[in-house]
Amino acid sequence: MAVPTTIPTPAAAPGSAPSPAPPVALDPLAGFLSYLIPGLGQVMQGRVAKGVLFFVCLYALFFYGMGLGQMKNVWLPDATDLPDVELFGGKLTGVPKALAYRPQFLGQFWIGVAAWPAVLQYAAAGPNPNNPGKPLPVIGRYMQTPAEQELNDLQRDGNKRWDLGWVYTLIAGVLNVLVIYDALAGPAVRDEDAPDGTPPAGPKTEGGPA
Amino acid sequence: MSLFAVSIYWDLPVLLVVVSLVYSATRHDRWDRILKEAVGWGGRIAGFLALIGVVLYALSTWL
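Taken in order, these protein sequences are the chains called L and S. The first sequence: position 198 = 198 (the working numbering), numbered continuously. The second sequence: position 49 = 49 (the working numbering), numbered continuously.
Any given hint could be a false lead.
[Stated by the list, open to error] Here are the computed lysine to aspartate or glutamate pairs in the EDC-like style, where the Cα-Cα straight-line distance is at most 20 Å:
| no. | chain 1 | residue 1 | chain 2 | residue 2 |
| --- | --- | --- | --- | --- |
| 1 | L | K72 | S | D11 |
| 2 | L | K160 | S | D11 |
| 3 | L | K160 | L | E150 |
| 4 | L | K97 | L | D81 |
[To be verified] Here are a few chain S residues that face chain L, going by a calculated C-beta distance under 8 Å:
| no. | residue |
| --- | --- |
| 5 | D11 |
| 6 | L21 |
| 7 | R30 |
[Stated by the list, open to error] Pair by pair, the computed Cβ-Cβ distance ranges are:
| no. | chain 1 | residue 1 | chain 2 | residue 2 | range |
| --- | --- | --- | --- | --- | --- |
| 8 | S | G43 | L | G94 | 39 to 49 Å |
| 9 | S | A46 | L | N159 | 31 to 41 Å |
| 10 | S | L16 | L | L87 | 32 to 42 Å |
| 11 | L | S19 | S | S60 | 13 to 23 Å |
| 12 | L | P137 | S | T61 | 47 to 57 Å |
Keep in mind the hints are simulated off the structure, nothing from the lab. Positions of the beta carbon are idealized from the N, C-alpha and C atoms, including for glycine.
Could you build the full structure based on these sequences and the hints that come with them?
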């Protein structure tokens with residue numbers, strides 16, 4: 001699979017200061033794949049070990065956080081019947097209003113496919129979170145908005161672990177933004193060749209070898 | 001000692017290791033540099049958390 005290439009730059013004149021490294025061509029497909037599943041874009045680019053590292057680390061953190069919260073700390077509520085939320089003089093509706101009531105999901109969403117059940121539950125939810133609709137096929141009530149009483153019980157009996165859990169899931173999602181950027185444009189620091197002379201396996205710069 | 005009782009603080013190493021490794025891996029492609037930077041960040045984060053813990057312990061004990 002093709003990886004990002006470099007933009008050709010004129011060779012530096014002898015004796016002049018070394019020219020800056022050529023810019024990296026972006027790889028939107030790899031970025032999108034890394035959004036779907038952390039590390040998948042890096043695997044597609046041939047950086048398999050790094051992709052596996054991202055996948056294992058971020059899914060471990062995300063599901064560890066979910067486990068701390070009894071698997072009930074990732075959801076997007078249907079806020080239709082909840083009190084209005086105003087932003088810059090306008091009333092929020094739909095997803096923006098739901099995010100205003102559950103801003104944590106704004107970070108959790110970036111973990112990718114693993115957070116999509118919450119989106120499906122949001123799309124299928126009734127307006128009253130205390131009277132949820134039928135369980136969805138396959139995923140059942142996974143990532144469904146918990147009833148208020150259940151939420152109170154989780155927070156009261158969880159020894160702070162329920163709250164710590166959603167923090168972990170949020171951090172996993174935000175870290176995946178860095179992973180998406182790594183797939184899109186390569187690592188923040190461009191390393192020189194490895195000591196044994198083999199070039200680094202990361203995204204290439206434009207005009208460089210494919 | 002209460003520190004060694006079942007505590008949410010025992011969940012922190014997972015976070016520390018993952019954040020250090022993932023952040024470092026997004027900065028470098030070479031494994032020697034990834035690991036070196038991860039160890040550095042892990043140490044800095046652990047030191048910062050330990051410092052905060054000591055300060056809070058001192059405040060709650062002597063204040």
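Given the hinted pair K97/L and D81/L, is their Cα-Cα distance within 20 Å? holds (11 Å)
Within a Cα-Cα threshold of 20 Å, do K160/L and E150/L meet the stated pairing? holds (15 Å)
Is the hint on D11/S kept, meaning its closest Cβ partner in chain L is under 8 Å away? holds (6 Å)
Is the gap between the beta carbons of P137/L and T61/S within 47 to 57 Å? Once the Cβ atoms are compared, 55 Å apart, the range 47 to 57 Å for T61/S and P137/L holds.
Starting from the range 31 to 41 Å, see whether the pair A46/S and N159/L falls in it by beta-carbon distance. Violated, since A46/S and N159/L (Cβ atoms, about 23 Å apart) do not stay within the stated range.
Check the following: the C-beta atoms of S19/L and S60/S are separated by a distance inside 13 to 23 Å. violated (57 Å)
Tell me if the interface restraint on R30/S is satisfied: Cβ within less than 8 Å of some Cβ in chain L. holds (5 Å)
39 to 49 Å as the expected CB spacing between G94/L and G43/S, which holds or is violated: Holds, since G43/S and G94/L (Cβ atoms, about 45 Å apart) stay within the stated range.
Distance restraint hint 32 to 42 Å, applied to the beta-carbon atoms of L16/S and L87/L: Holds - the Cβ-Cβ distance for L16/S and L87/L, about 36 Å, lies within 32 to 42 Å.
Measuring from the C-beta of L21/S to each C-beta in chain L, is the shortest one below 8 Å? Holds, because the Cβ-Cβ distance from L21/S to chain L comes to roughly 6 Å (cut-off 8 Å).
Keeping to a limit of 20 Å between CA atoms, is the pair of K160/L and D11/S held or broken? holds (11 Å)
What's the verdict on K72/L and D11/S, does the C-alpha distance respect the 20 Å limit or exceed it? The given pair, whose Cα atoms are some 18 Å apart, holds under the 20 Å limit.
Of the numbered hints stated above, those contradicted by the structure are hints 9 and 11, listed in ascending order.
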